[in-house]
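Trainee: Heads up: the sequence shown runs through residues 0 to 257, numbered per numbering that gives the first Met the number 0.
Since the hints were derived computationally from the structure, they do not count as laboratory data.
Hints may contain errors.
[Unchecked claim] DMTMM-like, lysine to aspartate or glutamate: derived pairs with alpha carbons at most 20 Å apart:
{"id": "1", "residue 1": "65", "residue 2": "43"}
{"id": "2", "residue 1": "65", "residue 2": "200"}
{"id": "3", "residue 1": "189", "residue 2": "69"}
{"id": "4", "residue 1": "65", "residue 2": "201"}
{"id": "5", "residue 1": "148", "residue 2": "196"}
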Amino acid sequence: MLTLENLLSETHVQSSAEAYVSHAVACSPFVARLFTKDNGLLHDLLENMQQAYQLEDMQHFLTQQKIIDEISLKRALRRLRSHVMARIIVRDLNGLADLQEVMRTTTQLAECVLNSAIDYLNTWLVDVYGQPMDAQGYPQSLIVIGMGKLGGRELNVSSDIDLIFAYESEGETEGEKPISNQDFFTRLAKKLIAAIDEITEDGFVFRVDMRLRPFGGEGALVSNLDALEEYYQNNGREWERYAWIKGHEVTGGSQVSK
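Turn these sequences into a full structure, and let the hints steer you where they fit.
Mentor: Next up, the structure:
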């Protein structure tokens with residue numbers, strides 16, 4: 000298998016795709032580190048460089064990973080990030096991608112990892128505590144609202160992601176040892192942040208900023224929709240309300256948009 004060292008060797012005759020990689024490596028030490036850590040990444044990029052990374056490709060990539068616990072989930076998400084970022088940056092630096100493609104692909108990466116991580120983490124938590132329900136017996140789910148550049152689908156390769164977490168109604172889980180919906184979704188939110196933001200030996204996926212939530216860093220990590228509405232009506236400052244112009248529901252239901 001071709002390695003980065005071999006590709007850059009003076010005796011190696013580069014193809015046009017390899018020349019693109021060589022140029023990107025010269026411009027970006029970050030890209031060089033990605034290829035050095037994962038030879039399979041270089042092979043994948045050379046095979047697929049002429050096409051933008053699509054959401055379906057990201058979802059397929061994750062289905063090929065062996066995800067059995069939080070450790071393997073973090074590894075899979077970070078591997079996906081390396082593959083997507085390498086292609087975005089190489090295409091961008093060689094004029095193969097415009098700004099719209101960079102923002103679209105990076106935003107799709109964020110939405111993909113958020114949805115995929117929630118699917119796994121929620122399943123594992125439900126196995127322990129049971130399904131969160133409201134007073135009428137309807138299942139509840141974590142609502143993730145993307146704010147700022149994520150909400151506006153304007154992420155670039157160095158952007159962090161601004162998030163607000165919510166759920167529809169109070170209640171408790173239906174397990175043998177029930178916990179409140181607030182407790183369940185707070186646990187889920189903490190695990191979600193760690194899955195994406197935590198720095199491991201494989202790096203991180205996105206830096207997560209939660210300071211736009213009600214009462215900022217002092218506020219509850221997760222709020223129900225009634226509490227959100229009350230905050231913005233009675234306590235929210237103008238700039239906090241304006242921030243919702245770009246608010247976009249990434250996952251979890253339709254009540255926030257309504």
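Trainee: Run through the hints listed earlier and report the numbers of any the structure violates, in increasing order.
Mentor: none
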